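Top line first, the protein sequences correspond to chains A and B.
If you're matching positions, the first sequence starts at 1 in the numbering used here and goes up one per residue.
If you're matching positions, the second sequence starts at 1 in the numbering used here and goes up one per residue.
Hints listed in this document are in silico derivations from the structure and should not be mistaken for laboratory results.
Here the structure is a predicted model, which means the values were calculated and not measured.
Among the clues, some could well be false.
[Unchecked claim] Pair by pair, the computed Cβ-Cβ distance ranges are:
#1 B/Asp-84 x A/Arg-338: 29 to 39 Å
#2 B/Asp-84 x A/Glu-300: 57 to 67 Å
#3 A/Gln-304 x B/Gly-85: 16 to 26 Å
#4 A/Glu-282 x B/Leu-15: 49 to 59 Å
#5 A/Glu-282 x B/Arg-28: 39 to 49 Å
#6 B/Leu-15 x A/Glu-300: 52 to 62 Å
[Stated by the list, open to error] Beyond 12 Å from chain A on every Cβ pair, some chain B residues (computed):
#7 Arg-28
#8 Phe-30
#9 Ala-42
#10 Leu-48
#11 Leu-51
#12 His-61
#13 Val-71
#14 Asp-84
[To be verified] From chain B, some residues computed to sit far from chain A (all C-beta separations above 10 Å):
#15 Ala-7
#16 Phe-8
#17 Asp-10
#18 Leu-15
#19 Leu-25
#20 Asp-27
#21 Ser-32
#22 His-33
#23 Tyr-35
#24 Ile-63
#25 Pro-65
#26 Arg-82
#27 Gly-85
#28 Glu-114
Glycine residues also receive a C-beta, built at the ideal position from the N, C-alpha and C atoms.
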Amino acid sequence: MSGETTKRKAFLFVDDDAGFLTGIQELFSEMARGKWDIFTAENHAQALALLAKLRVDVVVLDIGMPVMDGIQFLQLLARTNPGQQVVMLTGEVTEERRKAALEGGAVLFLEKPVVADSYAAIFAALDALAGALPQGGFRGMMRRVGLQEVLQLECLGRKSSILEIFTGKVRGRIFISEGSIVHAESGVLQGEVALYGLLALRGGEFNLLPFAEPPRRTIQGQWESLLMEAARLSDEGQKFLEPDEPGFGAAEPGEVATAGALDRSAGQVRIEEIVLCSGAGEVLYEWDTKSLELRLRLLEQIEQQAAQLSSLAPVGRFDRLEIITPDGRIVCQVQPDRRLFVRSAGTKAAIA
Amino acid sequence: MKEALQAFLDRNLPLPGVAACCARLVDRTFVSHCYSDWFTTAQVEQSLSRLALAADSLGYHGIQPARLCWVFEHSRIHLTLRRDGACLAFFVENRPGVDNDKLQAVLEEFTRLEAP
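The following block holds chain A by itself, in its conformation from the complex (with noise of 0.2 Å):
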């Protein structure tokens, strides 16, 4: 007699190398005694249309492979196949592939093992992969999802989690306790700050990962309150890049400093750069920003030299400094309430 319904695990080998795969699909099989389902690919291309069929519980990856190697495969898996758990198995470990597949959401970064002895360790650890896998909810993936509606998803249903977020340059994390967001992290930035920076991100990815409590609570109050000082911010972002004024130094002092000066002579600028800080100094807003520090250090010294100006010549309060440089335009404005930094750039004719 037997009760036991054990599910069986499935797996998928991507490797160029036929006998690699003809060697593990045997071994493998014989040492799962009939609970695994070995599946091997010989490229990306019959990876992917395999796992277009069916599901499997582990992608075991090979990296040295032509056309696409496996690391590029991890992250085209990860658009393709969210959520899947990959394992890197190669015969080539440097200090650097495991870095990039460990960053790349690989689950483990394994070395392919030179005497056979030496794949009952490999064995052991992907069955224990497979079976620790979640076996509730769906595993699926949104497509153009605003970052605000998985949170609402998640505080609307009391939930856990931890929602991580990266684009080519910001990565950052924002916890979730129990319908409430608890902490948010992106660079150097935590918690209100670092919120509403993610929440402003206009493209990206992100995970939902299973909740881990942070290193400490930085965000109190309500998530719809949060969620809509976001927007506001967000807005208000948009709204300094607007073009609304005549030519460079030719705008009415308080009006917002904007880099859309040069539109409309050239009618090609490209914002490249910008921070947003409220009147205390605090970064409501930033935006592909090489160097933060910098830019805040900046703003203060041109804060300070518009004070020296100001005290020399009867000009008046400071509103903004705007350069000119061979790449573009920088508007630095100075307010009570804001600090501004917008860095674009234009053609030359524009400048000119």
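Given the coordinates of chain A, work out where chain B should sit on it, guided by the hints.
Chain B in isolation, oriented as in the chain A frame:
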């Protein structure tokens, strides 16, 4: 360059709204003109020294300025910098009738003046 600069300023100024102008030459001497009693020569020369220092300090932030405009409540100060270190500032009133295009053209021409 002093004579060439003087001739250049005489040829282009005064301009509507320009309350004062001040140039600092490579040898750190000043050529300045005040077209109203709003600013004194000492004020514009001290201000220009500060402006030049401020422009230099932008290099620390990876910014290479060619022209700057400091916008204040009552006036704005346009500054242009030459590669040889000379610079020219216009102190301009915030009022209608200022010919911004002409101002920019004069500042641009200053950067192309031949050094002695």
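For each hint, the structure was consulted:
| no. | hint | verdict |
| --- | --- | --- |
| 1 | B/Asp-84 x A/Arg-338: 29 to 39 Å | holds (38 Å) |
| 2 | B/Asp-84 x A/Glu-300: 57 to 67 Å | violated (30 Å) |
| 3 | A/Gln-304 x B/Gly-85: 16 to 26 Å | holds (23 Å) |
| 4 | A/Glu-282 x B/Leu-15: 49 to 59 Å | violated (42 Å) |
| 5 | A/Glu-282 x B/Arg-28: 39 to 49 Å | holds (41 Å) |
| 6 | B/Leu-15 x A/Glu-300: 52 to 62 Å | violated (34 Å) |
| 7 | Arg-28 | holds (18 Å) |
| 8 | Phe-30 | holds (14 Å) |
| 9 | Ala-42 | violated (9 Å) |
| 10 | Leu-48 | violated (10 Å) |
| 11 | Leu-51 | violated (7 Å) |
| 12 | His-61 | violated (5 Å) |
| 13 | Val-71 | violated (4 Å) |
| 14 | Asp-84 | holds (17 Å) |
| 15 | Ala-7 | holds (24 Å) |
| 16 | Phe-8 | holds (19 Å) |
| 17 | Asp-10 | holds (24 Å) |
| 18 | Leu-15 | holds (14 Å) |
| 19 | Leu-25 | holds (20 Å) |
| 20 | Asp-27 | holds (23 Å) |
| 21 | Ser-32 | holds (12 Å) |
| 22 | His-33 | holds (15 Å) |
| 23 | Tyr-35 | holds (14 Å) |
| 24 | Ile-63 | violated (6 Å) |
| 25 | Pro-65 | violated (5 Å) |
| 26 | Arg-82 | holds (14 Å) |
| 27 | Gly-85 | holds (17 Å) |
| 28 | Glu-114 | holds (20 Å) |
Hints 2, 4, 6, 9, 10, 11, 12, 13, 24 and 25 from the list above are not met by this structure, while the remaining hints are.
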